[in-house]
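Numbering-wise (my numbering), the sequence shown opens with residue 3 and increments by one.
To be clear, the hints were calculated from the coordinates, so they are not data collected in a lab. Fair warning: this is a prediction, and the values are worked out from it, not measured in the lab. Fair warning: there could be bad hints in the mix.
[Said to hold, decoys possible] Derived Cβ-Cβ restraints for the label pairs, each shown as a range:
hint, residue 1, residue 2, range
1, 41, 142, 26 to 36 Å
2, 6, 46, 28 to 38 Å
3, 7, 154, 18 to 28 Å
4, 84, 131, 35 to 45 Å
5, 7, 39, 13 to 23 Å
6, 115, 145, 34 to 44 Å
7, 46, 93, 34 to 44 Å
8, 111, 25, 13 to 23 Å
9, 118, 34, 22 to 32 Å
10, 98, 72, 37 to 47 Å
[Unchecked claim] Here are the simulated DSBU-like cross-link-like pairs (lysine-lysine), alpha carbons at most 35 Å apart as the crow flies:
hint, residue 1, residue 2
11, 141, 39
12, 50, 144
13, 141, 50
14, 58, 107
15, 65, 94
16, 6, 39
17, 39, 144
18, 107, 141
19, 144, 6
20, 94, 141
21, 94, 6
22, 141, 58
23, 6, 141
24, 65, 141
25, 39, 65
26, 50, 65
27, 94, 107
28, 144, 65
29, 39, 50
30, 94, 39
Here a beta-carbon is modelled for each residue, glycine too, at the ideal position from N, C-alpha and C.
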Amino acid sequence: MSEKNLLGTRVITQIGIIVRDIDAVSQVYADFLGVEKPGWRWTDGYEKANTELYGKASDARAKLAFFNMGQVQLELIEPDENPSTWREFLDKHGEGVHHIAFVIKDMDGKIRALEQNGMPLIQRGDYDGGRYAYIDTFKQLKVLTELLENFSD
């Protein structure tokens, strides 16, 4: 891979979309795709997810629904009212594409490399089996980037 590839991969694994009403939007996507409407779940709270926004502990939570579509997963995100990258996006831009995600290895190294290239960390946290980080690539890529590191890989 090119020296310019900061992530070590070119494979987009997820597209995240911020919505105001996950039930309604999930149904529209299910009808559009001709699939069953998925259930949604809450993200874990700080006590389990260790969520940080701009380096400070955050109580942010969101409802998530997933559509698995081959190699790319579509994630719908309805943020709660607590400060988060999701809430900031909804308040500033309204509903729409929030991020593209990549499964990576060496999360801390990737964050450092991106920050050295003018792409700062916004939010990070844990999930069952891994951890995530949102990087502010909006200026460069016109969308945020999510890094996903799965512990089983």
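So, going through the hints one by one against the coordinates:
Here the CB-CB span from residue 41 to residue 142 is close to 35 Å, well matched to the stated 26 to 36 Å. Restraint check, residue 6 to residue 46: a C-beta distance of roughly 35 Å satisfies the suggested window 28 to 38 Å. Distance hint for residue 7 and residue 154: a CB-CB separation of about 23 Å, consistent with the stated range 18 to 28 Å. About 24 Å separates the C-beta atoms of residue 84 and residue 131, a value inconsistent with the hinted range of 35 to 45 Å.
Range check, residue 7 to residue 39: about 37 Å between beta-carbon atoms, so the 13 to 23 Å window is missed. Between residue 115 and residue 145 the CB atoms are about 19 Å apart, so this pair departs from the stated range of 34 to 44 Å. Take residue 46 and residue 93: their Cβ atoms lie about 23 Å apart, and the range 34 to 44 Å is violated. Residue 111 and residue 25 have their C-beta atoms about 39 Å apart, which leaves the hinted 13 to 23 Å range violated.
Taking 22 to 32 Å as the suggested C-beta distance range, the pair residue 118 and residue 34 does not conform, at roughly 40 Å. Checked against the hint of 37 to 47 Å, the pair residue 98 and residue 72 fails, with Cβ atoms roughly 22 Å apart. With a CA separation close to 34 Å, the supplied pair residue 141 and residue 39 stays within the 35 Å bound. About 31 Å separates the Cα atoms of residue 50 and residue 144, which keeps this hinted pair within 35 Å; it holds.
Note on residue 141 and residue 50: the hinted pairing holds, with a Cα-Cα distance of about 31 Å set against a maximum of 35 Å. For the given pair, residue 58 sits about 24 Å from residue 107 by alpha-carbon distance, which is consistent with the 35 Å threshold. Taking the CA atoms of residue 65 and residue 94, the gap is near 19 Å; set against the 35 Å cutoff, the hint holds. Our distance criterion of 35 Å between C-alpha atoms is broken by residue 6 and residue 39, whose separation comes to about 39 Å.
With a CA separation close to 29 Å, the supplied pair residue 39 and residue 144 stays within the 35 Å bound. For the suggested pair residue 107 and residue 141, the alpha carbons sit about 24 Å apart, so the restraint of at most 35 Å is met. Between residue 144 and residue 6 the alpha-carbon distance is near 18 Å, which keeps this suggested pair within the 35 Å criterion. Between residue 94 and residue 141 the alpha-carbon distance is near 15 Å, which keeps this suggested pair within the 35 Å criterion.
The suggested pairing of residue 94 with residue 6 holds, with an alpha-carbon distance near 31 Å, which does not exceed 35 Å. For the suggested pair residue 141 and residue 58, the alpha carbons sit about 23 Å apart, so the restraint of at most 35 Å is met. Straight-line distance between C-alpha atoms of residue 6 and residue 141 comes to about 18 Å, which keeps the hinted pair within the 35 Å bound. Taking the CA atoms of residue 65 and residue 141, the gap is about 27 Å. The hint holds against a cut of 35 Å.
Pair hint residue 39 plus residue 65 holds up; C-alpha atoms about 14 Å apart against a cutoff of 35 Å. Our distance criterion of 35 Å between C-alpha atoms is met by residue 50 and residue 65, whose separation comes to about 16 Å. Proposed proximity of residue 94 and residue 107 is supported: the alpha carbons are some 31 Å apart, at most 35 Å. For the hint pairing residue 144 with residue 65, the CA-to-CA distance comes to about 24 Å; that is within 35 Å, so the pair holds.
In summary, the hint linking residue 39 to residue 50 is supported, as the alpha carbons are separated by about 27 Å, within the 35 Å threshold. Between residue 94 and residue 39 the CA atoms are separated by roughly 28 Å; this keeps the pair inside 35 Å, and the hint holds.
When each numbered hint is compared with the structure, violations occur for hints 4, 5, 6, 7, 8, 9, 10 and 16.
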